[in-house]
Amino acid sequence: MATLALRADYHGDRKDSADKFGGAILVYINWDKHLFFYSAKAFPLDPNMPFAAVLEHVIGTHFCQHPEYKDIDWGTVEWSLNNEPFQPVMDKSLAENGFDHKCLLRFKTAEKSAFADAGV
Amino acid sequence: MSTKKLNLKDKYRLLTRDLDWDFSYEDRKDAFPFEEFEGIKITDWDKWEDPFRLTMDAYWKYQAEKEKKLYAIYDAFSQNNGHLNVTDARYVNAIKIFLTAVSPGELAAHSGFAFTGRHMGGIGARIAAQMQSLDELRHIQTQIHAMSHYNKFFDGFDEFSHMHDRVWYISVVKSFFDDARSAGPFEFMVAIGFSFEYVLTNLLFVPFMSGAAYNGDMATVTFGFSAQSDEARHMTLGLEIIKFLLEQHEDNVPIVQKWIDKWLWRGYRILTVVAMMMDYMLPQKVMSWKEAWELYFEQAGGALFKDLERYGIKMPDYTDLIKAEKEHLSHQAWWTFYTNSQATAFHTWIPSNQELDWLSEKYPETFDKYYRPRWEMAKEMADKGERYYNEGLPQLCQTCQIPMIYTDVQNDPRDIVYRSTKYQGERFHFCSDQCQHIFENEPEKYVHSWLPVHQIFQGNCGGPGGLEKVMDYYKLDVGKANMDYVGSPDEERWKTWKGVA
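For the protein sequence lines, the chains are A and B, in the order given. Heads up, the first sequence is in the numbering used here, so the first residue is 198 and it goes up one at a time. Heads up, the second sequence is in the numbering used here, so the first residue is 14 and it goes up one at a time.
Any given hint could be a false lead.
DSS-like, lysine-lysine: derived pairs with alpha carbons at most 25 Å apart [what the hints assert, rightly or not]:
{"id": "1", "chain 1": "A", "residue 1": "K230", "chain 2": "B", "residue 2": "K392"}
{"id": "2", "chain 1": "B", "residue 1": "K392", "chain 2": "A", "residue 2": "K212"}
{"id": "3", "chain 1": "B", "residue 1": "K54", "chain 2": "B", "residue 2": "K271"}
Only some residues are given here: those of chain B computed to face chain A with a beta carbon under 8 Å [as the list claims (entries may be wrong)]:
{"id": "4", "residue": "Y383"}
{"id": "5", "residue": "N424"}
{"id": "6", "residue": "D428"}
Keep in mind that the hints were calculated from the coordinates and are not lab data. Computed from a prediction, not measured in an experiment: that's the story for all the values here. Beta carbons: idealized from backbone N, C-alpha and C, even for Gly.
Given only the sequences and the hints, what does the whole structure look like? Please build it.
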């Protein structure tokens with residue numbers, strides 16, 4: 198729908214278009230049902246980065262504060278990319294894995310604890 | 014020659030009807046260029062019923078007297094070291110939020126009403142908007158003065174105006190008013206005059222002012238009382254504009270409905286911070302957010318929308334959702350600020366056991382199940398000397414700019430709500446269906462939202478160099494004005510004044 202504007206040529210220049218991040222793409226990452234981290238986190242990442250490096254250096258350093266992080270069985274983790282089921286290929290890059298600008302990566306783990314029941 | 018003295022009614026009639034210009038050699042449309050593009054049809058401005066009935070000379074006289082009294086009380090408060098009478102220094106953090114996030118909104122409202130006070134075609138409506146514009150300007154001034162005493166003794170107040178254009182959570186309020194002020198005059202009146210001032214204002218001012226009264230903050234209470242007569246006029250104007258627009262032309266009804274749906278949602282999202290203030294920041298609590306919402310929105314708002322039914326206006330269709338969210342809102346917000354307190358201009362803390370029990374009692378359906386465990390975990394960490402601060406930056410909603418913290422309260426409150434849409438090939442993310450619809454109705458307006466997190470990544474907030482640079486850019490005194498209340502300079506000073514070891 199058209200924006201209600203005084204002038205027919207009114208337009209907004211997209212503030213967060215892909216060209217504004219020095220070659221990086223924005224990736225949002227969330228650990229589902231772990232509201233200890235109150236929301237997904239945003240990262241500007243090099244699309245050539247292998248997924249394994251993201252797991253180690255991005256997820257590994259930003260979600261490890263949760264006391265149950267160390268117990269994650271990564272073999273059973275369920276991933277989704279832009280809310281579609283997704284199976285990452287560890288040694289392939291983000292771009293090769295289908296990541297694009299402002300995409301949403303979510304992972305679901307299956308630990309069983311009172312904190313997990315509460316979604317913490 | 015006899016000089017007959019005019020009564021107030023005649024004076025007002027002359028001011029609002031007789032003093033207007035007829036445009037004999039200029040096109041009236043050129044004088045009011047903003048009056049038609051929104052699609053609102055006005056057939057007769059003379060049908061406008063003046064809500065204020067106040068002439069300019071009466072306005073000045075009355076406000077001057079009021080302000081004289083107000084400043085006398087501020088002086089007394091200051092000379093008596095009034096800050097020592099608050100219940101606890103933690104309380105002061107509530108008014109830090111007020112000054113940094115609410116007061117600048119008064120200035121924005123001043124500017125918005127000045128705009129409508131120039132650009133609505135009817136002189137009665139213009140005069141009323143101009144008076145409200147002056148009120149809003151007085152409000153930010155009196156608020157700054159009320160807080161200035163606290164500024165001498167507590168951290169976090171001094172850079173409020175610098176922070177307004179920069180700090181991540183303040184962008185939420187700024188963008189709300191920017192959105193309203195960049196709309197046409199009628200949308201602004203429905204947004205701020207009606208939706209905010211008439212429907213939601215009791216949920217903003219009453220909690221802050223009664224919170225102040227319960228917690229011994231005489232400066233803020235006095236300001237609140239002084240502003241009350243203005244607020245009453247503002248509410249009358251908000252209701253008048255709605256009735257006037259709806260009575261003028263039936264084509265106005267769907268436009269007004271759309272604006273009400275948009276602006277009640279935008280305003281409600283802003284109130285998240287009030288919810289948190291009421292439930293977590295007041296040492297002496299007034300009532301829970303849930304109770305306030307039921308009283309001021311579900312009951313009072315329900316009656317209002319019943320009245321508006323005869324014009325064909327309906328309660329927005331998301332009211333079931335907000336009814337469900339009232340069980341969650343404050344807990345989600347305080348946790349967000351608690352864990353991000355390294356980047357706020359106020360202190361946060363873990364609720365005491367007594368407060369946790371109060372929350373359990375007020376929120377029997379949700380608190381023990383979802384929120385108490387978070388505080389237990391935070392406590393465990395703090396006891397080990399590892400007070401938890403979240404690493405990294407949050408994903409934000411493109412429309413309301415609030416971090417994407419809202420969960421699917423009607424299904425599983427442990428799941429964050431994710432909505433997104435593509436526009437011009439780019440993906441945009443939202444916290445709710447409502448924020449998504451607002452974007453989709455006017456994408457050109459929201460594609461250039463200044464989202465603090467993305468701006469930081471683009472290097473526009475102090476340049477590259479990490480969060481330290483960003484804090485400098487915010488002028489945030491890390492370790493003094495922010496982080497945990499326990500161990501802060503505020504706490505230390507408070508203990509010294511109170512003679513507590």
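We went through each hint and held it up to the structure:
Simply put, A:K230 and B:K392 have alpha-carbon atoms about 20 Å apart, close enough for the 25 Å limit, and the pair holds. This hinted pair does not check out: B:K392 and A:K212 have alpha carbons roughly 40 Å apart, beyond 25 Å. Proposed proximity of B:K54 and B:K271 is supported: the alpha carbons are some 15 Å apart, at most 25 Å. A hinted interface residue such as B:Y383 counts as satisfied when its beta carbon comes closer than 8 Å to some beta carbon of chain A; here the least separation is about 5 Å, so the hint holds.
With its C-beta approaching chain A no nearer than about 12 Å, B:N424 sits outside the 8 Å limit, and its interface hint is violated. Interface hint at B:D428: satisfied, since its Cβ lies 7 Å from the closest Cβ of chain A, which is below the 8 Å cut-off.
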